[in-house]
Amino acid sequence: MSDVIIGLEVHCQLNKLNSKLFCGCSTRQQGLEPNVMTCPVCLGLPGALPVINKKAVEYAIMVGLALNCKIAEHTQFYRKNYYYPDLPRGFQITQYDYPIAFDGVLTVDTDGEERPIRIRRVHMEEDPGRLVHQGSIETSKFVLVDYNRSGMPLLEVVTEPDLRSPKEARRFINKLRNILEYLDVFDGSLEGALRVDANVSLKGGARVEIKNISSYKGVERALLFEISRQQNMRRRGIRVVQETRHYDDERNCTITLRTKEQAEEYRYYPEPDLVPLAVKSWESELKGRLPELPDAKRERFKRQYGISDSHAKVLTAEIRVANYYERVAERCDPRMAATWVADYLKGELNYRDRDIRDAFPPEKMVYILEQLSNGTITDKGAVEVIRALLDEGGDPKDIILARNLAKVETDITRAAVAEVLKENQAAIMDYKAGKAQAFNYLVGMVMKKTGGRADPAEVNLLLRESLECT
Amino acid sequence: MPGQYEESLHKTFDRIKRSRLNAYITLNVEDAIKTAKAVDEGRVTGRLAGVPVAVKDCITTKGLLTTCGSKILSGYVPPFDAEVVARLKREGAVIVGKTNMDEFAMGTSTESSYYGPTRNPWDLSRVPGGSSGGSGAAVAGLECRMALGTDTGGSVRCPASFCGIVGIKPTYGLVSRYGVVAYANSLEQVGPMARNVSDAALLLDVIAGHDPKDSTSVDTADKVSYVNYLIDDVKGLKIGVPKEYFGEGTDKRVENAVWSAIMRLNKLGADYREVSLPHTKYALAAYYIIAMCEASSNLARFDGLRYGLRTGKDENWHTTFSRIRAEGFGEEVKRRIMLGTYALSEGYYGKYYLKALKVRTLIKQDFDKAFKDVDILAAPTMPFPAFRIGEHVDDPLSMYMADVNTVPVNLAGVPSISVPCGFAGNLPIGIQFIGGLFDEPKLIRTAYTFELNTDFQKLPEGF
Chain A
1 MSDVIIGLEV HCQLNKLNSK LFCGCSTRQQ GLEPNVMTCP VCLGLPGALP
51 VINKKAVEYA IMVGLALNCK IAEHTQFYRK NYYYPDLPRG FQITQYDYPI
101 AFDGVLTVDT DGEERPIRIR RVHMEEDPGR LVHQGSIETS KFVLVDYNRS
151 GMPLLEVVTE PDLRSPKEAR RFINKLRNIL EYLDVFDGSL EGALRVDANV
201 SLKGGARVEI KNISSYKGVE RALLFEISRQ QNMRRRGIRV VQETRHYDDE
251 RNCTITLRTK EQAEEYRYYP EPDLVPLAVK SWESELKGRL PELPDAKRER
301 FKRQYGISDS HAKVLTAEIR VANYYERVAE RCDPRMAATW VADYLKGELN
351 YRDRDIRDAF PPEKMVYILE QLSNGTITDK GAVEVIRALL DEGGDPKDII
401 LARNLAKVET DITRAAVAEV LKENQAAIMD YKAGKAQAFN YLVGMVMKKT
451 GGRADPAEVN LLLRESLECT
Chain B
1 MPGQYEESLH KTFDRIKRSR LNAYITLNVE DAIKTAKAVD EGRVTGRLAG
51 VPVAVKDCIT TKGLLTTCGS KILSGYVPPF DAEVVARLKR EGAVIVGKTN
101 MDEFAMGTST ESSYYGPTRN PWDLSRVPGG SSGGSGAAVA GLECRMALGT
151 DTGGSVRCPA SFCGIVGIKP TYGLVSRYGV VAYANSLEQV GPMARNVSDA
201 ALLLDVIAGH DPKDSTSVDT ADKVSYVNYL IDDVKGLKIG VPKEYFGEGT
251 DKRVENAVWS AIMRLNKLGA DYREVSLPHT KYALAAYYII AMCEASSNLA
301 RFDGLRYGLR TGKDENWHTT FSRIRAEGFG EEVKRRIMLG TYALSEGYYG
351 KYYLKALKVR TLIKQDFDKA FKDVDILAAP TMPFPAFRIG EHVDDPLSMY
401 MADVNTVPVN LAGVPSISVP CGFAGNLPIG IQFIGGLFDE PKLIRTAYTF
451 ELNTDFQKLP EGF
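Residue numbers (full-length UniProt numbering), protein chains in the order written: chain A, 1 to 470; chain B, 1 to 463.
Derived by calculation from the structure, the hints in this document are not laboratory data. Because the structure is a prediction, the values reported are computed rather than measured. Think of the CB as a built atom: it goes at the ideal place given N, C-alpha and C, for glycine as much as any other residue. Mixed in with the good hints, there may be bad ones.
[Said to hold, decoys possible] Label-pair ranges, simulated between beta-carbon atoms:
1. A:30 x B:349: 40 to 48 Å
2. B:322 x A:144: 20 to 28 Å
3. B:326 x A:34: 23 to 31 Å
4. A:134 x B:224: 56 to 64 Å
5. A:132 x B:326: 23 to 31 Å
[As the list claims (entries may be wrong)] Computed footprint of chain A on chain B, listed as stretches where at least three residues anywhere in the stretch have a Cβ under 8 Å from a Cβ of chain A:
6. 24-31
7. 67-79
8. 144-151
9. 211-217
10. 289-298
11. 315-328
[As the list claims (entries may be wrong)] Quick list of in silico lysine to aspartate or glutamate cross-link-like pairs, EDC-like style, CA-CA up to 20 Å:
12. B:355 x A:114
13. A:54 x B:346
14. A:175 x A:114
15. A:80 x B:346
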């Protein structure tokens with residue numbers, strides 16, 4: 001797909017802020033009745049005025065810095081004028097000519113190759129309300145409006161058309177999400193936290209904008225669909241026209257929304273109710289408040305814990321995984337911890353399509369690894385404990401007991417071997433006569449005697465030793 | 001047995017009910033009497049305790065109908081008070097009611113109100129000026145002691161001039177706009193209107209000062225008390241007389257009255273000299289472009305979905321919005337929305353809006369330059385006295401021209417006070433004093449001295 005050109009506009013809700021972008025209403029919206037988290041400002045009542053949430057500006061600057069952007073001398077809000085029932089003022093307050101951050105870069109790893117993706121701009125804007133249809137948009141006889149979301153702070157990150165495949169686009173979005181979560185300005189797991197518009201073209205062809213992609217997986221699927229649509233047209237000699245298309249998540253296709261001739265006229269102009277902000281002067285203080293970001297953490301993990309680059313990469317992609325690992329590594333062999341967190345725990349979580357937040361606390365992992373290092377349980381036993389903890393919860397100690405996962409001590413195994421040999425003279429004869437099954441039979445008898453807790457490798461070893469001596 | 005405040009308030013309401021001025025859209029009888037009683041009983045105190053104050057209907061009042069003189073806000077009862085109203089209440093003021101105005105403050109005559117025109121107490125066949133005409137007529141006609149207006153391009157000073165009272169357009173950012181229904185938000189300020197300079201200064205004292213709810217409100221270190229500048233002394237004051245403010249179309253009687261006023265101040269110890277504000281001729285065009293552009297956006301929220309007019313059968317949203325706006329807005333409002341929408345459109349933005357902003361900068365520079373040489377400027381507020389109801393209705397452009405001397409002040413954001421300075425027949429004439437940013441103390445001092453040493457504070461015949 002080397003002739004594919006993709007640019008993204010990613011809208012992220014700064015849902016870690018306590019209040020909305022221009023008023024004091026809370027951003028905690030989950031499970032609320034409609035229209036209860038509103039006030040004269042976010043309802044756009046006549047006379048109410050917006051006041052910028054200073055913390056939102058700080059968050060935006062921090063994101064800009066984390067994406068290696070330049071911070072504007074002055075930033076300014078604009079009005080984007082259009083009518084829609086979810087837009088209570090008849091205009092959206094957004095940014096236009098003077099975005100808060102611009103000219104950045106984020107490197108994305110695609111199949112082992114680190115490629116720089118240029119960031120054109122990062123700007124702030126408010127979310128409109130939400131339209132609620134009865135049933136589907138086509139069949140509903142009316143529409144309801146919920147303004148709880150109105151005024152939620154959004155950050156829009158716009159890339160240059162540097163992405164070359166849907167997979168790379170997905171990787172970019174994942175990395176962006178991870179960085180925002182590192183900065184603790186965003187929780188990507190909340191509904192509606194991230195929405196994407198994508199510009200797609202084939203080299204030499206017209207650019208198509210896809211609107212309304214609202215899930216992480218949707219980005220890759222929408223792009224795959226749109227690219228194959230454009231390639232099919234090209235194959236059949238049909239010209240792709242410049243247009244805006246809507247992504248239908250349920251049917252997994254894109255539909256024409258408007259063509260170039262029907263382009264929207266937004267009449268952008270500076271918002272007179274908000275004064276320009278001299279944000280450049282905030283930069284140095286905020287730089288000092290930036291946390292350690294993924295790439296720096298990855299290098300530190302390699303250095304500090306002596307772990308491999310691939311482990312370090314897996315462990316630092318998400319801030320929560322990195323924190324989890326460090327809490328385990330503090331109290332165990334860091335290399336062993338890396339293997340068990342990056343390979344086993346992450347593997348089991350991925351298999352269950354679950355997040356590290358849904359895992360058990362690191363203290364329990366520490367306990368498991370301790371039991372593993374002192375030989376109480378086997379590798380296989382440790383994996384079983386992890387699975388049981390993820391699926392049923394509970395305490396690792398209890399699980400080891402209940403499932404008889406503790407290894408039988410060597411003395412007991414040795415005694416069991418001696419007893420089995422005494423009781424099975426016939427089998428010994430068969431073994432000496434060269435019958436291989438006889439050995440397996442003896443192993444089975446030892447395992448039976450020890451209730452299955454003996455380490456099979458140890459049983460093998462002890463049996464062979466004893467048989468050689470008889 | 002009612003106390004003195006309650007008794008006097010009853011008289012005011014009786015007067016209003018008999019009145020032919022149509023100064024009010026909504027009266028606040030029950031709540032006002034409750035407050036007056038509380039003042040009588042000493043439960044409410046403050047600098048305006050018991051003072052009947054009228055509020056222009058584009059200023060939001062909690063629990064009290066707020067229509068902006070428009071049909072589209074029929075039945076809209078705001079759930080919150082504008083900051084200026086909250087400050088009035090904190091000082092014990094009695095809110096008499098909501099005054100009539102040009103629809104959404106778009107006008108110079110108070111004729112475009114959905115609730116009918118207000119009449120001038122000096123001559124009932126004439127307009128009171130606009131857009132705060134209801135406030136002007138209520139003050140002049142003794143239907144309140146003082147009133148709040150809003151001044152976007154002269155809307156406090158014009159009715160002050162036409163009704164023979166005092167009106168102040170404060171420095172942009174001095175008074176909170178929180179709760180003022182926006183017409184052109186980069187230009188407008190709430191301003192006091194009263195029968196004398198002392199009352200106007202007192203009202204300004206109450207409403208001025210930083211409000212964190214309005215980002216354009218200025219946070220000055222010290223709060224100035226304007227009543228401290230009621231000083232009878234203009235010795236050494238340097239007055240500039242901008243020659244461009246006596247242009248073609250200025251009534252001779254107005255010109256003479258204003259010059260006599262300047263001579264009077266000169267006799268009282270002030271110097272005067274002619275100055276030039278060379279970009280004045282572009283002010284009117286720039287003002288109307290900026291105001292209309294902002295209006296087209298500010299008025300977009302009135303779609304009938306959440307509040308206000310909702311008639312007929314609901315169809316898909318754009319049809320419903322269009323119908324409600326077609327029904328709810330008057331002709332002048334529609335004209336300004338259309339023109340503003342056009343001027344902000346792609347391809348025209350640079351030609352109109354940006355150019356107007358450049359003119360605005362030049363006008364500001366004119367004032368900055370003038371105030372290097374003089375302390376204040378003096379000029380006619382309006383080029384002519386109150387005109388007849390209906391005189392300009394069919395010719396919007398001739399109505400716009402009336403604002404020629406008031407709009408530069410709003411473009412520059414500077415303060416201005418209009419005080420009575422003479423009569424044309426029985427019609428009052430106003431002079432405006434203009435200062436640099438936050439020069440309200442100088443303006444109040446000049447106006448107070450002029451008022452004290454002249455005899456133009458009169459009541460209309462029969463009042």
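Okay, the hints, checked on the actual structure:
1. A:30 x B:349: 40 to 48 Å: Hint holds: Cβ distance 41 Å, inside 40 to 48 Å.
2. B:322 x A:144: 20 to 28 Å: holds (21 Å)
3. B:326 x A:34: 23 to 31 Å: The hint (23 to 31 Å, Cβ to Cβ) holds, given that residue 326 of chain B and residue 34 of chain A are roughly 29 Å apart.
4. A:134 x B:224: 56 to 64 Å: holds (58 Å)
5. A:132 x B:326: 23 to 31 Å: With Cβ atoms ~28 Å apart, the hint holds.
6. 24-31: As far as the segment 24-31 of chain B goes, the hint is violated, because 0 residues have Cβ atoms under 8 Å from chain A.
7. 67-79: Contact hint for the segment 67-79 of chain B vs chain A: holds, 5 residues under 8 Å.
8. 144-151: violated (count 0)
9. 211-217: holds (count 5)
10. 289-298: holds (count 4)
11. 315-328: Result for this restraint: holds, n = 3.
12. B:355 x A:114: violated (48 Å)
13. A:54 x B:346: violated (32 Å)
14. A:175 x A:114: Status holds; Cα separation ~12 Å.
15. A:80 x B:346: Between residue 80 of chain A and residue 346 of chain B the Cα gap is close to 12 Å, so the pair holds against 20 Å.
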